[in-house]
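Engineer: So you can see what is in the structure, the chains are spelled out below.
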Amino acid sequence: DQQVKQNSPSLSVQEGRISILNCDYTNSMFDYFLWYKKYPAEGPTFLISISSIKDKNEDGRFTVFLNKSAKHLSLHIVPSQPGDSAVYFCAASRMYSGGGADGLTFGKGTHLIIQP
Amino acid sequence: EPEVTQTPSHQVTQMGQEVILRCVPISNHLYFYWYRQILGQKVEFLVSFYNNEISEKSEIFDDQFSVERPDGSNFTLKIRSTKLEDSAMYFCASSRALSGSNQPQHFGDGTRLSIL
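Residue numbers (this note's numbering), protein chains in the order written: chain X, 1 to 116; chain R, 117 to 232.
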């Protein structure tokens, strides 16, 4: 049951170039999307989020784009830096669920490798 | 920057024994969560907790699991009779609830649970 899919297990990008990580979802009830970054032996670190009322959210070098009709979101990192090398997880939830605190549904992750 | 802390970082337990994993969420956060990640698999939602009661739980969170907020700072996950398949990394997360706002979940670094 893959409600959130990250189809690229790994991605290699040259330092200074743009990194684009993709994520697809199938559950139309999702209305809040997040990207997390994870280093080995650490927990996921929140990067950026977007709600379904927007199609773009930007924070410094990170921009998330949401295409609701295609049920697709992407994370752009520009310029890519060596410290960006990590596993990136896409996650989704329902923002309003009658007061309940919804858990996040995660993708399998994409291992981003920034090459000098 | 405030962070979620989890103890211990690694727990080794004999099958059939009870185990308690501990978490200190970020102090002004109101929603608390447990997730697990079995080696090589996705991060999976277990349970959310708000106002001293379970808010949502997944199919994984069966009668062997329980959560508690025993005091004003700790949040615990208890597994009553551990099985080999409970071996995983367990992540605690917390979020600040604001009505009508997107509030990301912030994760601890996890407890690696090994069942022998």
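What the hints contain is simulated information worked out from the structure, not anything from laboratory work.
There could be a bad hint or two in this list.
[To be verified] In silico BS3-like links for lysine-lysine, alpha-carbon gap of 27 Å or less:
1) X/Lys5 <-> X/Lys71
2) X/Lys56 <-> R/Lys158
3) R/Lys194 <-> X/Lys38
4) R/Lys173 <-> X/Lys5
5) X/Lys38 <-> R/Lys158
6) X/Lys5 <-> X/Lys54
7) X/Lys71 <-> R/Lys173
8) X/Lys108 <-> R/Lys173
9) R/Lys158 <-> X/Lys68
10) R/Lys158 <-> X/Lys5
11) X/Lys68 <-> X/Lys54
12) X/Lys108 <-> R/Lys199
13) X/Lys38 <-> X/Lys71
Keep in mind that this is a model prediction, so the values were computed, not measured.
Engineer: Does each hint fit the structure? Answer for all of them.
Structural biologist: Hint check:
For the suggested pair lysine 5 of chain X and lysine 71 of chain X, the alpha carbons sit about 11 Å apart, so the restraint of at most 27 Å is met. Proximity of lysine 56 of chain X to lysine 158 of chain R is assessed by CA-CA distance (about 26 Å); at most 27 Å being required, the pair is judged to hold. Under the criterion of a C-alpha separation no larger than 27 Å, the hint pairing lysine 194 of chain R with lysine 38 of chain X is consistent with the structure, at around 25 Å. For a cut-off of 27 Å, the pair hint linking lysine 173 of chain R to lysine 5 of chain X stands: about 22 Å separates their Cα positions.
Restraint check: the Cα-Cα separation between lysine 38 of chain X and lysine 158 of chain R comes to about 13 Å, which is no more than 27 Å; the hinted pair holds. For the given pair, lysine 5 of chain X sits about 21 Å from lysine 54 of chain X by alpha-carbon distance, which is consistent with the 27 Å threshold. Proximity of lysine 71 of chain X to lysine 173 of chain R is assessed by CA-CA distance (about 25 Å); at most 27 Å being required, the pair is judged to hold. Under the criterion of a C-alpha separation no larger than 27 Å, the hint pairing lysine 108 of chain X with lysine 173 of chain R is consistent with the structure, at around 21 Å.
Taking the CA atoms of lysine 158 of chain R and lysine 68 of chain X, the gap is about 23 Å. The hint holds against a cut of 27 Å. Restraint check: the Cα-Cα separation between lysine 158 of chain R and lysine 5 of chain X comes to about 10 Å, which is no more than 27 Å; the hinted pair holds. A threshold of 27 Å between alpha carbons decides the hint, and for lysine 68 of chain X with lysine 54 of chain X the separation of about 9 Å falls inside it, so the pair holds. A distance of roughly 24 Å separates the Cα atoms of lysine 108 of chain X and lysine 199 of chain R; the hinted pair therefore holds under the 27 Å criterion.
For a cut-off of 27 Å, the pair hint linking lysine 38 of chain X to lysine 71 of chain X stands: about 24 Å separates their Cα positions.
In summary, the structure agrees with every hint in the numbered list given earlier.
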